[in-house]
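Given next are the chains, with one letter for each unit.
Protein chains: 2
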Amino acid sequence: MNGNILLDHGSGGLASQDLIGSLFLKYLKDPILHELEDAALLKPEKGRLVFSTDSYVVDPLQFPGGDIGELAINGTINDLAMRGANPLYLSLGVILEEGFPFSQLEEIVKSIADASKYAGVPVVTGDTKVVPKGKADKIFINTSGIGVVEDNVEVKTSRAQPGDIIIISGTLADHGITILTNREGLQVSGKIQSDTAPLHFLVKRLLDEMPDAIHTMRDPTRGGLGTTLCEIAKVTNLCMDISEKEIPMHGEVRAACELMGLDPLYLANEGKCIVIAAPDQAEIILQTMRSIQEGRESAIIGKVTEKYPGKVVMTTMSGGRRLVVPLSGEPLPRIC
Amino acid sequence: MNGNILLDHGSGGLASQDLIGSLFLKYLKDPILHELEDAALLKPEKGRLVFSTDSYVVDPLQFPGGDIGELAINGTINDLAMRGANPLYLSLGVILEEGFPFSQLEEIVKSIADASKYAGVPVVTGDTKVVPKGKADKIFINTSGIGVVEDNVEVKTSRAQPGDIIIISGTLADHGITILTNREGLQVSGKIQSDTAPLHFLVKRLLDEMPDAIHTMRDPTRGGLGTTLCEIAKVTNLCMDISEKEIPMHGEVRAACELMGLDPLYLANEGKCIVIAAPDQAEIILQTMRSIQEGRESAIIGKVTEKYPGKVVMTTMSGGRRLVVPLSGEPLPRIC
Chain A
1 MNGNILLDHG SGGLASQDLI GSLFLKYLKD PILHELEDAA LLKPEKGRLV FSTDSYVVDP
61 LQFPGGDIGE LAINGTINDL AMRGANPLYL SLGVILEEGF PFSQLEEIVK SIADASKYAG
121 VPVVTGDTKV VPKGKADKIF INTSGIGVVE DNVEVKTSRA QPGDIIIISG TLADHGITIL
181 TNREGLQVSG KIQSDTAPLH FLVKRLLDEM PDAIHTMRDP TRGGLGTTLC EIAKVTNLCM
241 DISEKEIPMH GEVRAACELM GLDPLYLANE GKCIVIAAPD QAEIILQTMR SIQEGRESAI
301 IGKVTEKYPG KVVMTTMSGG RRLVVPLSGE PLPRIC
Chain B
1 MNGNILLDHG SGGLASQDLI GSLFLKYLKD PILHELEDAA LLKPEKGRLV FSTDSYVVDP
61 LQFPGGDIGE LAINGTINDL AMRGANPLYL SLGVILEEGF PFSQLEEIVK SIADASKYAG
121 VPVVTGDTKV VPKGKADKIF INTSGIGVVE DNVEVKTSRA QPGDIIIISG TLADHGITIL
181 TNREGLQVSG KIQSDTAPLH FLVKRLLDEM PDAIHTMRDP TRGGLGTTLC EIAKVTNLCM
241 DISEKEIPMH GEVRAACELM GLDPLYLANE GKCIVIAAPD QAEIILQTMR SIQEGRESAI
301 IGKVTEKYPG KVVMTTMSGG RRLVVPLSGE PLPRIC
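Top line first, the protein sequences correspond to chains A and B. Take 1 as the starting number for the first sequence in the working numbering and just add one per residue. Take 1 as the starting number for the second sequence in the working numbering and just add one per residue.
Rather than coming from a laboratory, the hints here were simulated on the basis of the structure. It is possible that some hints are incorrect.
Unchecked claim - In the PhoX-like style, the derived pairs of lysine-lysine whose C-alpha atoms are separated by at most 25 Å in a straight line are:
#, chain 1, residue 1, chain 2, residue 2
1, B, Lys46, A, Lys138
2, B, Lys26, A, Lys234
3, A, Lys204, B, Lys46
4, A, Lys26, B, Lys133
5, B, Lys29, A, Lys234
6, B, Lys138, B, Lys110
7, B, Lys311, A, Lys133
8, B, Lys43, A, Lys156
9, B, Lys234, A, Lys46
10, B, Lys307, B, Lys245
11, B, Lys156, B, Lys311
12, A, Lys133, B, Lys133
13, A, Lys26, B, Lys26
14, A, Lys43, A, Lys117
15, B, Lys46, A, Lys46
16, A, Lys43, B, Lys156
17, B, Lys311, A, Lys43
18, A, Lys26, A, Lys110
19, A, Lys43, B, Lys46
20, B, Lys43, A, Lys204
21, A, Lys191, A, Lys245
22, A, Lys156, B, Lys29
23, A, Lys26, A, Lys138
24, B, Lys26, A, Lys46
25, B, Lys29, A, Lys29
26, A, Lys43, B, Lys204
27, B, Lys26, A, Lys156
Construct the complete structure from the given sequences, taking the supplied hints into account.
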C-alpha cells in the first residue's frame, strides 16, 4: 500500500471504512471482527472471567525480536495468563498520527495478525482514531483481553507463602536492553533481542499438571524483576530472598548493562514470568517449564521467607547481601 | 493536587504507584481494581458475552455538557448496549503527555468516577503510560467493556427488515456542534451542549418489555445519523426512508449548523440511539423510550422499505427527496 494516513481516515465515514476494510480486515480474519458491529457478540463461558488492558507506546516501533504490534498482543495475553486464565479474546484500539505511512501500518497489522494467530487468541473488536500531525507519535496501540479461569485455579499475589520457591522463566532484561540500545543507536551484538512472547502455553501446562502448587505468577515488565518482587513482598509482607548468580542472563545483555551503567533488575522483560510455588514440587515445576519453548531457560532464583517482612534481598555475585528497592526516579520511558 | 505529570510516572516504579494510589484509586473505588493485579478476576457470567473497545482523543478535553472522561465511560457502555447487552465491567487505559497538570487529570478522573457510578458500571482494571512532551496531546483514553446478553435478545444490524420503523432517541447533532463551536472559539447560545449519556438504562427497559420487537440498535457517533443509516442500508441491502421534519433538533443547534454550513446528519451524537423495530409495537416502544430521561425526545423518523436497496433516502423539509450518502472527504477529527 502507498500513501499516508489522513485525518479523514478517522472520521467514521467512507475513508475510515476503506482503511478498516483494506488493511485491518485483510490481515485480521476472525469472523466476529468481520461483522463490524460496535461490539463483539461472543458465546457464553463457564468459569470466572479475567479482564485486562494495556496501552503500548514503545519507541522505536520496530526493534530486534519484535515490534509494537507483537508486543501489544503478547503483553495483554500475558497479563491474563498471570492470573491463571486461558486467554480467549482481544480488542485492538489504534491511535494514528496523521501522515503515518500506510506501508508501516501494514507491517504492524501483519505482525499483530501473526502474533494473534500464533497465540490462538483472536482480535474480535477494534477501533481506530486519527489525530493531527504532531499530536501523537506515529502510533499508539491499546489491547484489552478476556480470559477464563478454571475452578481449581487460584493464582494471585497474596498467595505467596513462606518456604515457596521463586522461579524465573528465562533470561533477564532482554527486552529493556534491546529498546534502550536501539533508541540510542548503539551498535551491539546481534544476539541482543527482545524476548516478547506469549506465556499462556507455559501457564496452561503448569496449571493443568499442578494447579494447587502454583501460588503466584507475575510478569516483570515495566520496573523489571526488582520492582515486581518488591510489589509481591509489599502485598504479602514476606521477604523475597534471591541469589544474583542464579538469575539467567545472556552474556551480551550483561555486558551491555555494564557498559551503559544499567541494573538489569530494573529492565523490562516481555516474555518472562516469575512463578512462586510450593517447594515440594520444585523439580517437577522446573522440568515442566523447561520443556516448553518459552520457559527453556527457567531457573529457581530464590525463596520466600519471613526474615525481612516486605523486603527483597539479594545475595550478590560476590557473596554480599543487597536490599533491592523499587525502581525510583530513573525514567525509562516508552519501553512498552 | 499540584504539579505536572513526569516521565517517571510511567516507569512502572514508585512514581507510577504514587500516581495510581493518590489519584486513580482515590476516585475509582471498585475493590477488584484496588487489588492492583495485572488483570481483574471477575465472577462467572451466564449468557453470551459482549466485548467492545474505543479510544477517546477529543479536543477540547472539556466542553459544555461533559469531558473526555465522561465520554469514555458512556461511549463504551453505549457500544455494549447497542448489542442488547447489560454492561458489567470497564477497563481504563490512559496515555498521558509529560507536563500534563495533575489538577486537570484529577478533574478528568473525577468525571470518569462520576460517570461510572451513575451508570453502575465499575472500572475494574487499568493501565497508565506517559510519553515525552510533544509526543501526545495532553491525554488519550481507551475504555473497553464487557457485557452480557440475555438469551431471548437478538439485536444486530442485519435483523432490520422491510416495514420496520426507524426511531431516534432524541435531538440530533448536539455533541458534534458543541465540539466544533468550542474548538473554533465561537460564542454560541448556552443551550448548546454535548448529549453524552449512557443508553443502557433505556435499552434495558426496551429489551425487558419487548425483546423480540427490537431488531437493530446503533448509536450514531462519528459519521452521524447519515453515515450510520448508510451502514445499516448496506448490510441489510434495504432502503432507509426517513423524513427530515420528524428528526428532533434543538433550534440553537439547527441555527449553528446553518451558520457554519454543516449538515447535522453527519455530526456526532454521544447519547442517542437509532432503534429499528417491529411496526406493530411502534407506539408502545416510543412511549417506553420517552418515559426514560435519555429518551424523552424520541421520535419515529422513518421506515425500512425495499424501494432503493442499500440506499438511504430523506424527504426534506421542503418536500423534496434526497439521497443520503456516507460521510466522505470532510474531516471532522477528534470529536470523540
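Evaluation of the provided hints:
no., hint, verdict
1, Lys46(B) - Lys138(A), "violated, 41 Å"
2, Lys26(B) - Lys234(A), "holds, 20 Å"
3, Lys204(A) - Lys46(B), "holds, 24 Å"
4, Lys26(A) - Lys133(B), "violated, 35 Å"
5, Lys29(B) - Lys234(A), "holds, 21 Å"
6, Lys138(B) - Lys110(B), "holds, 17 Å"
7, Lys311(B) - Lys133(A), "violated, 35 Å"
8, Lys43(B) - Lys156(A), "holds, 15 Å"
9, Lys234(B) - Lys46(A), "violated, 36 Å"
10, Lys307(B) - Lys245(B), "holds, 21 Å"
11, Lys156(B) - Lys311(B), "holds, 18 Å"
12, Lys133(A) - Lys133(B), "holds, 15 Å"
13, Lys26(A) - Lys26(B), "violated, 43 Å"
14, Lys43(A) - Lys117(A), "holds, 20 Å"
15, Lys46(B) - Lys46(A), "holds, 8 Å"
16, Lys43(A) - Lys156(B), "holds, 15 Å"
17, Lys311(B) - Lys43(A), "violated, 32 Å"
18, Lys26(A) - Lys110(A), "holds, 9 Å"
19, Lys43(A) - Lys46(B), "holds, 10 Å"
20, Lys43(B) - Lys204(A), "holds, 20 Å"
21, Lys191(A) - Lys245(A), "holds, 21 Å"
22, Lys156(A) - Lys29(B), "holds, 20 Å"
23, Lys26(A) - Lys138(A), "holds, 21 Å"
24, Lys26(B) - Lys46(A), "violated, 33 Å"
25, Lys29(B) - Lys29(A), "violated, 38 Å"
26, Lys43(A) - Lys204(B), "holds, 20 Å"
27, Lys26(B) - Lys156(A), "holds, 23 Å"
The structure shown violates the earlier hints numbered 1, 4, 7, 9, 13, 17, 24 and 25.
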